[in-house]
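Chemist: Model the placement of chain B on the given structure of chain A, informed by the hints.
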Amino acid sequence: MVLLSAPRWLRNRLTDRFWRVQEVLKYARHFRGRKNRCYKLAVRSVRRAFVKSTKARREKKRFLRALWITRIEAASLEHGLKYPAFISNLLKSQVELNRKMIADLAIYEPKTFKSLAALAQRRRQEGFLAALGDGKEPEGIFSRIVHHY
Amino acid sequence: MVSSPLRWPLRSLLSSGNRAHLTPATWSTLTSSPKTSSRSWRKEMMDLWPAGRAARRILVRFRPRLRASRGRGCWQFVEEAALDFARRHPGVVLYVSPRPCPAPLLLAEYLNGTVREELVASKSGEEIARLAAKLADQSGLDIIRIRKPFHTANPSVQGQWHPFTNKPSALTVRGPRLPPQ
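Chains as they are written, first to last, in UniProt numbering: chain A, 1 to 149; chain B, 1 to 181.
Hints listed in this document are in silico derivations from the structure and should not be mistaken for laboratory results. Just to be clear, a hint being listed does not mean it is correct.
Pairwise CB distance ranges, derived in the manner of DEER restraints [to be verified]:
no., chain 1, residue 1, chain 2, residue 2, range
1, A, R48, B, E79, 19 to 29 Å
2, A, H148, B, D84, 50 to 60 Å
3, B, S69, A, R11, 17 to 27 Å
4, A, Q125, B, L171, 21 to 31 Å
Using 30 Å as the maximum straight-line C-alpha spacing, the simulated DSSO-like pairs for lysine-lysine come out as follows [unchecked claim]:
no., chain 1, residue 1, chain 2, residue 2
5, B, K167, A, K26
6, B, K148, A, K111
7, B, K148, A, K60
8, B, K148, A, K55
9, A, K61, B, K148
10, B, K167, A, K92
11, A, K60, A, K82
Listing some non-contacts, in silico: residues in chain B with all C-beta distances to chain A over 12 Å [what the hints assert, rightly or not]:
no., residue
12, R72
13, W75
14, E117
15, Q138
16, S139
17, G159
Think of the CB as a built atom: it goes at the ideal place given N, C-alpha and C, for glycine as much as any other residue.
Bound-form chain A, shown alone (with noise of 0.2 Å):
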């Protein structure tokens, strides 16, 4: 009986832990602080890291889009349009780019940015003559609808 008990306390002996510690430290080198070294601060912190980043992923959407906005807004400034009347009369004029489009040309493409403010702010103008004039003045050019259908 004494000779069988000894084999058993040591038969089931963790070989694995420096490889188990690893998996969770590896996700955790780049934090500040001891939980980059500790293993007992960094299961914490490692898993927080991981929650945030998952819910980070729905705010990530609104950063971006807001962003986006900030730069169309500061690009049409420049060529004197205030945000809302550019989007709405882009919008009226059945150009239908998106905000990180309009973003991106903003920035790499200006003169074409250039020409899509100067027909939003043909568009903005008919716009005022439609509901403002007699009824005298001919439609608009850029008002007219295309129907696809």
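Modeler: Showing chain B alone in chain A's frame:
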């Protein structure tokens, strides 16, 4: 020793301890007469790969020291599926090296320098064949999250915006030098 070259089993070739370089060229030398000169074999190599070097390399390293059961799938793969694999992927060089090693491995080296290892202990021959096919179809790019599915070297055609793009050119352009008065 009377044995026709067609019946040379792969095991005997491998038991000599050399690395068997399995390509369609080598396979043809196995089946052709034993008097095939090395020069014609090299010429065959050059015809198949005019670039002069192997496109991609897959190394099957097996015969583990400890337990034969872990290397059983490897033996199955080498005896049954390796030649078909070599024929189906002509751009991939398959090396089979049966030397004592702690664990049987499939080692894949790619053109861009990445080396990928897959442990094949306790896997059947078919699973190893499937793994080898997967490694042969891959390029050597890292398997990480792709940040953007697009990339361009020339993002701007009209010239990227800078603070003086939409300002009057009197601010940037220096006029001609006026004659001294």
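Chemist: All hints, please: hold or fail.
Modeler: These are the hints, each one checked on the structure:
no. : hint                        : verdict
1   : A:R48 / B:E79: 19 to 29 Å   : violated, 52 Å
2   : A:H148 / B:D84: 50 to 60 Å  : holds, 54 Å
3   : B:S69 / A:R11: 17 to 27 Å   : holds, 22 Å
4   : A:Q125 / B:L171: 21 to 31 Å : holds, 29 Å
5   : B:K167 / A:K26              : violated, 50 Å
6   : B:K148 / A:K111             : holds, 26 Å
7   : B:K148 / A:K60              : holds, 15 Å
8   : B:K148 / A:K55              : holds, 20 Å
9   : A:K61 / B:K148              : holds, 15 Å
10  : B:K167 / A:K92              : holds, 28 Å
11  : A:K60 / A:K82               : holds, 25 Å
12  : R72                         : holds, 25 Å
13  : W75                         : holds, 29 Å
14  : E117                        : holds, 16 Å
15  : Q138                        : holds, 23 Å
16  : S139                        : holds, 25 Å
17  : G159                        : violated, 7 Å
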